[in-house]
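K.L.:
Using the sequences plus the hints, can you model the full thing?
Protein chains: 4
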Amino acid sequence: MIVVMKVGTPEVEIERVSSELGTWGLTPEKIVGKHKVVLGLVGETADLDPLQMQEISPWVEQVLRVEQPFKRASRDYRHGEASDVVVSTPNGAITFGENHPLVVVAGPCSVENEEMIIETARRVKAAGAHFLRGGAYKPRTSPYAFQGHGESALNLLAAAREATGLGIITELMDSPELDVVAEFADVIQIGARNMQNFSLLKKVGAQEKPVLLKRGMAATIEDWLMAAEYILAAGNPNVILCERGIRTFDRQYARNTLDLSAIPVLRTLTHLPIMIDPSHGTGKSEYVPAMAMASIAAGADSLMIEVHPNPKKALSDGPQSLTPERFDRLMQEMSVIGKAVGRWPEPAVVLA
Amino acid sequence: MIVVMKVGTPEVEIERVSSELGTWGLTPEKIVGKHKVVLGLVGETADLDPLQMQEISPWVEQVLRVEQPFKRASRDYRHGEASDVVVSTPNGAITFGENHPLVVVAGPCSVENEEMIIETARRVKAAGAHFLRGGAYKPRTSPYAFQGHGESALNLLAAAREATGLGIITELMDSPELDVVAEFADVIQIGARNMQNFSLLKKVGAQEKPVLLKRGMAATIEDWLMAAEYILAAGNPNVILCERGIRTFDRQYARNTLDLSAIPVLRTLTHLPIMIDPSHGTGKSEYVPAMAMASIAAGADSLMIEVHPNPKKALSDGPQSLTPERFDRLMQEMSVIGKAVGRWPEPAVVLA
Amino acid sequence: MIVVMKVGTPEVEIERVSSELGTWGLTPEKIVGKHKVVLGLVGETADLDPLQMQEISPWVEQVLRVEQPFKRASRDYRHGEASDVVVSTPNGAITFGENHPLVVVAGPCSVENEEMIIETARRVKAAGAHFLRGGAYKPRTSPYAFQGHGESALNLLAAAREATGLGIITELMDSPELDVVAEFADVIQIGARNMQNFSLLKKVGAQEKPVLLKRGMAATIEDWLMAAEYILAAGNPNVILCERGIRTFDRQYARNTLDLSAIPVLRTLTHLPIMIDPSHGTGKSEYVPAMAMASIAAGADSLMIEVHPNPKKALSDGPQSLTPERFDRLMQEMSVIGKAVGRWPEPAVVLA
Amino acid sequence: MIVVMKVGTPEVEIERVSSELGTWGLTPEKIVGKHKVVLGLVGETADLDPLQMQEISPWVEQVLRVEQPFKRASRDYRHGEASDVVVSTPNGAITFGENHPLVVVAGPCSVENEEMIIETARRVKAAGAHFLRGGAYKPRTSPYAFQGHGESALNLLAAAREATGLGIITELMDSPELDVVAEFADVIQIGARNMQNFSLLKKVGAQEKPVLLKRGMAATIEDWLMAAEYILAAGNPNVILCERGIRTFDRQYARNTLDLSAIPVLRTLTHLPIMIDPSHGTGKSEYVPAMAMASIAAGADSLMIEVHPNPKKALSDGPQSLTPERFDRLMQEMSVIGKAVGRWPEPAVVLA
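In the order they appear, the protein sequences are chains A, B, C and D.
For the first sequence, full-length UniProt numbering gives the first residue as 1, with consecutive numbering after it.
For the second sequence, full-length UniProt numbering gives the first residue as 1, with consecutive numbering after it.
For the third sequence, full-length UniProt numbering gives the first residue as 1, with consecutive numbering after it.
For the fourth sequence, full-length UniProt numbering gives the first residue as 1, with consecutive numbering after it.
These are computed hints drawn from the structure, not numbers from a lab.
Among these hints, one or two may not hold up.
One copy or two, either will do: identical chains are not told apart, so a pair holds if it fits within one copy or between any two.
30 angstroms max Cα-Cα, derived DSSO-like pairs, lysine-lysine [said to hold, decoys possible]:
id	residue 1	residue 2
1	Lys30	Lys312
2	Lys284	Lys339
3	Lys30	Lys71
4	Lys312	Lys6
5	Lys30	Lys6
6	Lys209	Lys71
7	Lys203	Lys6
8	Lys6	Lys36
9	Lys30	Lys339
10	Lys6	Lys284
11	Lys284	Lys312
12	Lys312	Lys209
13	Lys312	Lys203
14	Lys71	Lys339
15	Lys202	Lys312
16	Lys202	Lys339
17	Lys30	Lys202
P.N.:
Rendered as structure tokens:
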């Protein structure tokens with residue numbers, strides 16, 4: 001931590017600040033510049049709040065952080081090595097991670113009825129997906145929009161899991177549903193709107209199922225890693241980060257701006273696996289294939305793609321869903337890129 | 001709702017779309033333009049999702065909403081009249097609303113101990129504030145930062161209420177704490193990070209205490225009114241909207257961008273009372289007075305201002321807190337503007 | 001400037017970096033922290049580019065600037081004192097500055113014809129404005145939209161100046177028109193889209209007329225002050241800064257987000273006078289009065305307000321223009337706030 | 001164009017508005033909805049300004065555009081066909097376009113001296129690039145930073161062109177330099193900060209050299225296409241669009257947010273070729289390779305990549321430049337993706 005004092009700070013005030021910092025267990029080193037004096041802090045500073053420290057004296061101009069505020073999420077925490085998140089599914093263990101093949105998650109925005117979810121599961125399984133996504137509890141902007149079928153939808157996901165062997169990823173919206181969601185899901189999703197619902201993060205951190213943490217729509221990379229840190233600090237090491245588009249000034253054509261540079265940025269900062277959701281990331285099915293291809297080329301470890309047997313009748317997010325036919329074709333297109341970069345999975349042994 | 005068909009749509013497809021829309025209970029009227037055909041939809045369209053409707057045919061170019069998506073929150077819902085949110089406090093009933101004097105809420109970011117919260121309450125009361133704010137449960141970016149004293153802090157707020165007669169506003173972060181927060185708070189605050197925690201919105205909508213709904217940091221005005229709509233639709237008509245700064249590209253000096261134009265915009269769209277929080281809105285105490293003054297001049301119904309007896313020792317948000325002395329002076333400065341616009345409260349009769 | 005070295009940097013590399021920095025005329029001081037080593041740079045660092053310095057070694061983690069990158073624009077440059085920009089007009093000298101009454105600039109977006117500009121000038125003069133604004137060269141998003149009447153419009157502005165004694169503020173879009181614009185304008189406006197047209201900035205910096213520098217729609221406060229620095233560095237000390245709304249994620253109701261916190265932020269950073277343009281800042285005439293009032297309360301030195309004798313027939317920006325009647329009423333409303341904060345001008349002696 | 005009238009508009013006012021629109025040569029069709037009346041406008045509406053039309057009556061609630069505001073830039077203008085921009089270089093004609101191989105542009109941010117520019121040109125030529133980029137006139141945030149060597153740098157670019165046969169792309173900053181830049185450049189670049197310098201756009205539109213139009217950092221896709229429209233409307237059909245990162249709320253790690261979804265979005269809207277600049281788009285050389293790969297997978301027609309023989313000594317933008325060695329390797333990596341998607345160029349016949 002670096003404390004920059006204002007031009008003209010009296011020497012006695014600098015001494016006072018130094019000795020006050022000393023009482024915090026820090027050892028300030030003074031650098032006398034041409035115009036300003038700077039105090040460099042040696043010691044355990046990761047838990048300190050720069051804004052807090054600024055209040056130590058009206059003569060403090062700014063406080064600059066030199067250490068990253070996240071620890072367990074940092075790449076350094078694993079000495080530069082990527083972490084693997086292994087999820088067991090009826091079809092076998094699937095590993096999310098930098099040194100493993102791409103993992104494909106597909107399925108509808110929400111679970112509508114048994115026939116549609118099982119049909120979708122069979123179709124995406126046949127095309128090569130490893131996980132089925134599908135919402136039982138749906139965060140919707142309007143209270144008058146379809147809110148998901150809740151617990152009964154979880155039972156339908158279980159049926160689809162049994163029918164196909166696919167792992168299940170579904171969203172948890174509120175802590176009272178944690179137990180039931182954890183019972184049915186192989187991976188628990190925390191949605192973008194709950195990325196800073198810190199109570200919920202602590203609770204999914206205190207249970208064992210892997211967690212898919214979507215980036216909030218105005219969350220910085222640092223905010224996002226700090227949200228992951230909540231889960232890791234509570235004891236659950238199995239966190240997958242999912243970029244799903246951020247909110248910017250241009251929302252006319254694509255609903256969000258898919259931030260693919262998050263891939264190389266996260267790679268240098270964290271050991272956690274990285275998933276991209278081009279369906280929410282663009283909001284329109286016609287833009288999904290190009291962005292799915294780009295994600296693989298940029299080094300994503302996993303993709304989440306919305307597929308619906310009949311998008312025009314979907315109860316939610318139809319416009320961003322691919323038909324099963326388009327998804328089949330996209331998997332072919334993606335395999336070309338995936339093989340080129342050495343991340344395409346070997347054909348799975350089909351158990352179902 | 002207006003459905004715009006692409007250039008060159010076959011006549012037969014237009015007929016098909018029209019008749020399909022007919023099965024939804026809508027009566028499309030066809031307008032034949034120079035290049036395009038447009039279908040105007042007559043009927044109950046407020047619950048329809050434009051994105052959904054776009055999927056009805058690949059020939060649909062766009063679907064434009066003509067009705068606002070919020071109903072109970074809209075100004076029209078009360079035939080253009082403002083609503084009053086009346087809160088009873090030991091010092092008497094206080095009314096938030098366009099046709100009432102400015103309501104001032106002040107206090108520390110978080111409740112730290114009995115002495116500090118009671119001292120702060122006495123000071124802000126003496127300066128003219130009507131409510132005491134103070135966090136018992138604190139949403140913090142880092143899991144390693146102070147998270148609030150929880151239920152014991154609620155007891156200290158109760159003591160401060162008894163000592164001063166001020167009403168209490170405190171944040172609810174998670175549904176399991178709803179009952180205890182509702183027991184102690186006169187107004188329940190939903191924070192910016194939970195603005196789209198729809199489960200929580202439904203629950204505060206299903207109880208009786210008034211709700212202060214802070215704007216999410218990337219929430220549009222429409223998102224925000226839809227969040228209020230969740231509370232109203234669940235049965236609680238007492239919602240106060242609080243602008244607290246949005247996230248923009250410039251975060252170097254002010255931490256957020258306080259969007260004061262929300263005041264005139266909301267005034268035309270909704271009947272709900274409007275509060276401004278210049279402390280979170282700027283993140284620095286030195287910018288708070290100017291923005292507090294501006295808020296009153298722009299027509300705010302209420303202000304929330306952070307005050308801490310010793311900001312440099314504050315456990316959270318010290319840099320944006322005013323000292324009690326600066327708050328005294330600010331109340332004097334604000335009274336000049338408040339009187340000029342006819343919104344300054346008469347001195348309250350002191351009961352305590 | 002502070003150079004932070006990565007964890008594990010070899011001692012020999014730290015020595016190499018230190019001695020290389022020494023060849024740049026800097027004297028690095030080494031601070032050995034618990035995990036990292038930091039080099040504090042003493043010397044003339046204001047001209048150094050932190051990004052550049054990062055390349056000195058692959059072991060550099062980050063370079064933090066401690067000095068501000070602007071000099072002549074900084075408040076320190078004038079030892080904390082505000083600067084006055086004095087403009088002579090037929091009605092006498094008008095001073096823009098923190099210690100002077102509010103200066104009101106009003107008029108239409110563009111000069112349409114002689115009758116309208118002279119009528120508007122008379123009306124805004126009668127209401128108390130000091131300057132007439134009016135565009136001769138108009139930056140328009142579409143090449144098919146009205147582009148301004150150019151030089152002939154400058155002649156009409158001269159006629160309006162003669163008829164009313166008001167000073168003239170008009171926009172310069174391209175350097176070949178500098179001479180003619182400088183001949184007719186009392187203050188030369190550089191528009192938001194040209195805020196980083198550095199060639200143009202140098203040219204208006206090399207002539208004598210005062211310059212009104214609008215903030216670019218995605219310009220940070222620092223970018224903006226650096227643009228002012230271009231003008232100041234070229235020799236022209238008379239720069240007025242004008243906030244006119246920034247571009248954010250919400251553009252549905254207000255076209256831009258008027259950043260009023262720029263007022264207290266700029267006040268601490270720079271000595272230059274501050275103007276607010278609530279007309280472009282909101283894009284809708286109905287929001288202008290509230291934001292004009294707020295600007296005065298927040299401490300603006302000047303306001304620019306669009307007034308058009310018949311907004312619905314305006315060739316540009318009609319929706320954000322006030323009628324002369326509404327402007328009359330607004331001046332009354334503003335005077336109440338202006339007097340309350342001690343910034344309202346004494347009635348001018350009318351010469352015309 | 002669709003005019004939505006407010007709830008409760010008197011019938012007589014609707015008639016008045018209809019007949020006034022009739023005088024503008026439009027034929028309004030009235031749709032009577034459950035709550036509102038809507039007027040659909042048949043006729044030539046592309047030149048109308050929706051904001052303008054809103055002023056026709058205080059009873060107008062909103063005006064919605066149904067036609068796109070750009071014409072010559074639209075995909076429809078060429079009946080859905082992509083356009084080719086053919087540039088002749090000493091090494092032969094190079095075509096930018098959707099149906100042609102990827103075109104690679106490489107070189108330093110600015111031209112520093114003869115040796116460095118010729119060495120860089122030879123190196124990027126050997127690696128397979130088609131064009132050399134290099135700034136003679138540099139837009140810099142600070143007036144104290146290196147501003148480019150101007151005309152003498154153009155001569156050095158000419159020497160590099162002669163030495164290698166590569167085409168030259170260099171930036172034009174101000175209209176007085178148009179002739180000299182057009183003399184030396186094979187493609188004239190308009191930088192992000194000048195994207196809405198409409199005077200300059202008109203001037204490059206009125207000459208014959210192809211134009212590379214970078215996206216402004218807060219320009220919407222529509223703003224950008226309207227800027228292209230200025231050039232096209234002035235008579236120059238050879239415009240290449242270049243995405244170089246937009247400004248968002250997160251600027252801590254990547255300096256800008258590279259908006260790769262612009263590729264599929266532009267593909268559906270316009271016939272113009274699309275280039276991506278991952279160097280400015282991310283601001284850090286370590287993120288460039290991943291984003292270059294992603295761009296090709298997403299369908300970019302061209303890439304612009306900064307290469308500097310010694311980035312740590314670069315006079316500008318060192319941190320985002322690749323070394324020639326890293327660029328060699330990247331070209332190998334890119335060729336794998338390029339071949340996979342069928343866009344990799346055949347080895348050029350080397351003339352030099």
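K.L.:
Decide, hint by hint, whether the structure agrees.
P.N.:
Status of the hints after comparison with the structure:
1. Lys30 <-> Lys312: Only across copies: Lys30 and Lys312 sit 22 angstroms apart there, 66 angstroms inside one copy, limit 30 angstroms.
2. Lys284 <-> Lys339: This pair counts as both: shortest intra-copy Cα distance 26 angstroms, inter-copy 27 angstroms.
3. Lys30 <-> Lys71: both (27 angstroms within a copy, 25 angstroms between copies)
4. Lys312 <-> Lys6: Between copies only: 17 angstroms across chains, 62 angstroms inside a chain, cut-off 30 angstroms.
5. Lys30 <-> Lys6: both (14 angstroms within a copy, 21 angstroms between copies)
6. Lys209 <-> Lys71: within (21 angstroms within a copy, 40 angstroms between copies)
7. Lys203 <-> Lys6: Answer is neither: 44 angstroms inside a copy and 34 angstroms across each miss the 30 angstroms cutoff.
8. Lys6 <-> Lys36: both (6 angstroms within a copy, 25 angstroms between copies)
9. Lys30 <-> Lys339: This pair counts as neither: shortest intra-copy Cα distance 55 angstroms, inter-copy 49 angstroms.
10. Lys6 <-> Lys284: between (51 angstroms within a copy, 17 angstroms between copies)
11. Lys284 <-> Lys312: The answer is within: 13 angstroms in one copy meets 30 angstroms, while 37 angstroms across copies does not.
12. Lys312 <-> Lys209: neither (34 angstroms within a copy, 41 angstroms between copies)
13. Lys312 <-> Lys203: neither (37 angstroms within a copy, 32 angstroms between copies)
14. Lys71 <-> Lys339: So Lys71 and Lys339 fail the 30 angstroms test inside a copy (34 angstroms) and across (41 angstroms) alike.
15. Lys202 <-> Lys312: Close across copies (29 angstroms), not inside one copy (38 angstroms); limit 30 angstroms.
16. Lys202 <-> Lys339: neither (38 angstroms within a copy, 46 angstroms between copies)
17. Lys30 <-> Lys202: neither (40 angstroms within a copy, 40 angstroms between copies)
In summary, the structure is inconsistent with hints 7, 9, 12, 13, 14, 16, 17 from the numbered list given earlier, while agreeing with the others.
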